[in-house]
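Asks: So the chains spell out like this:
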Amino acid sequence: MANLNPGGASGAQPTLRADHQARQFDLAKQSLRDLNLYLHKQAAQSGVKRVRVDNPDGAHSVACGLDGELDVQIHGHVGYYVAGMNKHASVTVHGNAGPGAAENMMSGRVHIRGFASTAAGASAHGGLLVIDGDASLRCGISLKGGDIVVGGSVGSFSAFMAQAGRIVICGDAEDALGDSLYEAVIYVRGKVRSLGADARFEPMEGSDRDAVAKLLSAAGFKHDPSEFKRIASARSLYHWHADADQEY
Amino acid sequence: MCGIVGLLVKKPHLREQLGLLMVPMLTGMTERGPDSAGLAVYTTPVSDLQHKLSLYRGAHAVNWSQLLAQLSNDVSGEHQVLVNGNHAVLTSTANPDDLVEWLGVQVPLVAVLSIGQSIDLYKDVGAPAEIAERYRFKNLRGSHLVGHTRMATESAVTPAHAHPFTAGRDFCLVHNGSLSNPHLVRKKLEPLGIEFETDNDTEAACRFFEWRLREGDDLKAAVQRGFSELDGFFTFLMGTDQELLIVRDAFACKPAIVAESDDYVAIASEFRSLAHLPDIAHASLFEPKPEEIYSWRI
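Each protein sequence line maps, in turn, to chains A and B. Heads up: the first sequence runs through residues -11 to 236, numbered per my numbering. Heads up: the second sequence runs through residues 21 to 318, numbered per my numbering.
Some clues are possibly wrong.
Unchecked claim - The list that follows gives simulated cross-link-like pairs (lysine-lysine, DSBU-like), each with its CA atoms no further than 35 Å apart:
#1 K210(A) x K132(A)
#2 K31(B) x K17(A)
#3 K158(B) x K179(A)
#4 K29(A) x K132(A)
#5 K31(B) x K179(A)
#6 K309(B) x K31(B)
#7 K202(A) x K217(A)
#8 K17(A) x K30(B)
#9 K208(B) x K30(B)
#10 K37(A) x K210(A)
#11 K158(B) x K17(A)
#12 K309(B) x K75(A)
#13 K132(A) x K75(A)
#14 K132(A) x K202(A)
#15 K158(B) x K132(A)
#16 K217(A) x K30(B)
#17 K132(A) x K217(A)
#18 K37(A) x K17(A)
#19 K309(B) x K202(A)
#20 K309(B) x K210(A)
As the list claims (entries may be wrong) - Here are the computed distance ranges between Cβ atoms for each label pair:
#21 G208(A) x H302(B): 47 to 57 Å
#22 F306(B) x R21(A): 38 to 48 Å
#23 D22(A) x W122(B): 26 to 36 Å
#24 N159(B) x S205(A): 53 to 63 Å
#25 S95(A) x D55(B): 32 to 42 Å
#26 N159(B) x H76(A): 47 to 57 Å
#27 A270(B) x R188(A): 16 to 26 Å
#28 R188(A) x K240(B): 53 to 63 Å
#29 A176(B) x R188(A): 47 to 57 Å
No lab work stands behind these hints, which were simulated from the structure alone. All C-beta atoms in this analysis are idealised placements derived from N, C-alpha and C, irrespective of residue type, glycine included.
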């Protein structure tokens, strides 16, 4: 890949050779603001399709707020909110991610090759978040339509109040999985330490197995979809029950 | 919000570089804690007959050599003072309780930050980089340390409210988070004769754990008991002369990451404080699980 100075990138040209479509950023030498500004504006203007980022060293908000069909490859560990609010872009982290990875993603794809900290994929409206390793607590909290596939296990309170979308967990889940779920659906392959309020196991239908197979395939994991269990809302919290036990 | 850092070196030759390795860890947490910073460093212990007291004079003028002469006159024993900025470490063969009492009468505005045979403690208000420079943290040597950068949320920004907090001998604690029942803890401890120096929530946790240590719990047992007594959000990092320990609350609200290699165990709120460490690419990285106690001995 050509190691070109993005600051000196020439404008868009009618035809670009493959190596003209790639840029490289080194966050040890270049600022995060320059990187994100480049990804937001200049990349699209200059027709660049691929951006490699080195030495993120735990920086926050790397490749945040993208809104174009870019392929961003980040080599190293990132901090809070990597690829937050992502739209259209594909962002891969060859390392671990801090809290709030792909938070509020709208579309596109975010792939964490290592583990993800708390609240991965929180409030994501669309797109696919893939985590090869484990995800910490509150993975997919308040999910609003995105899909999340976790190769490892998830921490407690994952999918809390998730409204729409799907979460596929290839490993285990800790406590209170799917607490106060709305219409999001969870598929778990391993053990669930405990379900949250109003979450329940439901039979896997053919459509569930198809959905899991497609998500696993998109995420690059090889598991038999029939090994997964479905968890969805019992919908008993949807309406106020005056007779219910109101003690908390 | 606050930042925590901890470092324990496993190879004796790395003890010379403890401060040098740590300074970028501490300054890396500046955004999480820009108003104050501090650290406890565990050095080679003094002799069995001696204790060390870390003293803080703040902006008050203290003539240390004069004070030392007066101390030698009033309290029997051998005494030495090593001055570092407005901090000083008093090493003495006298009973530390007698020293604290004497200091309280002679120089009531000088604070005793720590007492022990291994611990030296520095804390002050200001940006972490300024404080690291002020006390030449890069020159610190020792087996392990516990550091903190503070963004005050529940009590005043003063040197006394900065972390680490200490209690008893060679014990310290730093905290990222906030406790919701520090006053209840305090009400429980004060009738036992335990005195508090500030209104800070972290001090309550520090004194609670130290009380349990004196009652015979080991540090893990004390922390286990803390789960039912201390309510709130916390990542606690604690040090004794032998041990470094980290624990997070049941909701893991406050971040923490550990890097362990053959050479060191390094702990920080975020990876950006660990990125500079030697051979970090081959260290094993993990986030402590909620309510799981992780500890390392020197």
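Asks: Looking back at the numbered hints, which does the structure fail to meet, lowest number first?
Replies: 3, 5, 9, 15, 16, 21, 22, 23 and 28
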